[in-house]
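Visitor: Here is what each chain is made of, one letter per residue.
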Amino acid sequence: MSAYITASGAALPRRCVSNQQLAYQLGVTPEWIESNSGIKERRWVDPDQSASDLAASAVSQTIAHSNLRPEQVDYLIGSTISPDYQVPGIAPLVQSKAPGLRDVPAVDLRVGCTAILYSLQIASALISAGTAQSVVCFGAEAQSKALVLDRDNAEISMLFGDGAGALMMTAQPAPARTSGRPNIRIDDVMIRTDGNFATDLCVRAPGTANGPRWMDRGQFESGLFQPSMNGKSVILHAVRKLAMSAQEVTDRNSVRMDQIGLVIPHQANGVLLNLLAKRLEIPAERIVMNLDRYGNTSSASAFIALWQAAIDGRFEPGMRILIMAFGAGFSWGAALGTVVA
Amino acid sequence: MIPEPVMTYLNEAARQARAKIPEPDSSLFLCGILDSFTLVDFITLIETVCGIRVNDRDLRPENFDTLSKIDSFITKAKQQ
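Order-wise, the sequence lines are chains A and B. With this note's numbering, you'll find the first sequence wraps up at 341, consecutive numbering, no jumps. With this note's numbering, you'll find the second sequence wraps up at 1080, consecutive numbering, no jumps.
The hints are simulated quantities; they were obtained by calculation from the structure and are not laboratory data. This one's a predicted model, so the numbers in the text were calculated from it and none came from an experiment. Where is the CB? At the ideal position from N, CA and C, for every residue including glycine. Fair warning: there could be bad hints in the mix.
[Claimed, not checked] Keeping only pairs whose Cα atoms sit at most 20 Å apart, straight-line, the calculated SDA-like set for lysine to any residue is:
{"hint": "1", "chain 1": "A", "residue 1": "K278", "chain 2": "B", "residue 2": "L1045"}
{"hint": "2", "chain 1": "A", "residue 1": "K278", "chain 2": "B", "residue 2": "K1069"}
{"hint": "3", "chain 1": "B", "residue 1": "K1069", "chain 2": "A", "residue 2": "S233"}
{"hint": "4", "chain 1": "A", "residue 1": "K145", "chain 2": "A", "residue 2": "V87"}
{"hint": "5", "chain 1": "A", "residue 1": "K40", "chain 2": "A", "residue 2": "Y24"}
{"hint": "6", "chain 1": "A", "residue 1": "K278", "chain 2": "B", "residue 2": "T1066"}
{"hint": "7", "chain 1": "A", "residue 1": "K40", "chain 2": "B", "residue 2": "F1037"}
{"hint": "8", "chain 1": "B", "residue 1": "K1078", "chain 2": "B", "residue 2": "T1066"}
{"hint": "9", "chain 1": "A", "residue 1": "K278", "chain 2": "B", "residue 2": "T1038"}
[Said to hold, decoys possible] Listing some non-contacts, in silico: residues in chain B with all C-beta distances to chain A over 10 Å:
{"hint": "10", "residue": "K1020"}
{"hint": "11", "residue": "P1022"}
{"hint": "12", "residue": "G1032"}
Throw the hints in and build the complete structure from the sequences for me.
Guide: Rendered as structure tokens:
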């Protein structure tokens, strides 16, 4: 049985932080940030906002864009690396905050930037198995709350933004394609993992691998709760593995790269995406990019990019779509879809 | 020995970075000749020129940080 993305939505914080505002704190120039990331500004949450607030808003918008009522949603799959709490996960919080949802299963995926791929694969399987007829998937981040704004952390703190995106997966396509209703049949999802590079993109604490305690003052003072990244390794692996994923998923479905009408990538870094476009020989205009405005929103980013493409009216019937992501783990992959009328 | 097309790439990168090719054991990253983004194309060039495939476990920036490391990586890869 096929599964379809039949609606999308997003929520972005009101507070806009430009490179000019951030550069001084990071000890760099606004131009350095833009030339190394492609980012001009990002949205950050207010102190009283959490990832689940954004997620609930994106989920409600997605349901409103669909032809279903909230009580018809059968399953909720959420992803974040900046959760409201360690336990419970974000999905139960969103189940309670988004009006009208029943007491359906609500599960978290801790997979970071590849959240959309795992979401599509798991939701498709749930639908194919008959476990659910409609699954809402979301990614949400309020990761600005974990960033350290100084020169030592400039490379990572310049990148990240907050936001949430969501999509509805159903067993049938939506009756009509409208703004916010992409109507994409998921043809294939390919995901790979190589845990040998786990610490190249990592948040170590709280965690049980850091000594006798889950979290203590020493771990806190040495900054283990902050994200850490081996930027060179991440970029090197991301470009190569994303290119290989795109090739593999298109090859095994007998689709040529020049038949791909739109690429929806995780918005990792603008320079990285340009390198990828060059390697895949895909014109830049076929790649959805909004990280200049929203930065890298990790779990949420490809969901937000999908919503962006939908509201911009970029989906055309028959168009082949490639959704791609790379992130912590390392984990990476690509999904192939087709826009239906 | 590092093949000529690889050295030509590094010389051009050095010219663009207004830097000099460093001593064999000095970092090409620290002197600005290679960075996160140019490393991607640089490794592809090594693979093409040397007829080797850098496997995932060796795909680490520190293997390409200095002229000595590049030289020994290529030599080892060709022997495998």
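Visitor: Does B:K1020 really sit off the interface, with its C-beta more than 10 Å from all C-beta atoms of chain A?
Guide: Answer for B:K1020: holds, closest chain A Cβ roughly 22 Å.
Visitor: For B:G1032, which was marked as not at the interface, is the minimum beta-carbon distance to chain A over 10 Å?
Guide: Holds: least Cβ distance 13 Å, greater than 10 Å.
Visitor: When you check the alpha-carbon spacing of A:K40 and B:F1037, does it fall within 20 Å?
Guide: holds (19 Å)
Visitor: For the pair supplied as a hint, B:K1078 and B:T1066, confirm whether the alpha-carbon distance does not exceed 20 Å.
Guide: holds (18 Å)
Visitor: With the threshold set at 20 Å, check whether the alpha-carbon distance from A:K278 to B:L1045 stays at or below it.
Guide: Holds. A:K278 to B:L1045 sits at ~15 Å (cutoff 20 Å).
Visitor: Take a quick look at B:P1022 and tell me if its Cβ sits farther than 10 Å from every Cβ on chain A, holds or violated.
Guide: Since the minimum Cβ distance to chain A is about 17 Å, B:P1022 lies beyond 10 Å and the statement holds.
Visitor: Within 20 Å, alpha carbon to alpha carbon, are A:K145 and A:V87?
Guide: With Cα atoms ~18 Å apart, A:K145 and A:V87 stay inside 20 Å; holds.
Visitor: Decide if the proposed pair is consistent with the structure: A:K278 and B:T1066, CA atoms, cutoff 20 Å inclusive.
Guide: violated (27 Å)
Visitor: Does B:T1038 lie within 20 Å of A:K278 when you go C-alpha to C-alpha?
Guide: holds (13 Å)
Visitor: Decide if the proposed pair is consistent with the structure: A:K40 and A:Y24, CA atoms, cutoff 20 Å inclusive.
Guide: holds (14 Å)
Visitor: Hint check: B:K1069 vs A:S233, CA-CA at most 20 Å. Holds or violated?
Guide: Holds, at about 16 Å.
Visitor: Does B:K1069 lie within 20 Å of A:K278 when you go C-alpha to C-alpha?
Guide: Violated: A:K278 and B:K1069 sit about 28 Å apart, past 20 Å.
The structure fails hints 2, 6 (numbered hints given earlier, in ascending order).
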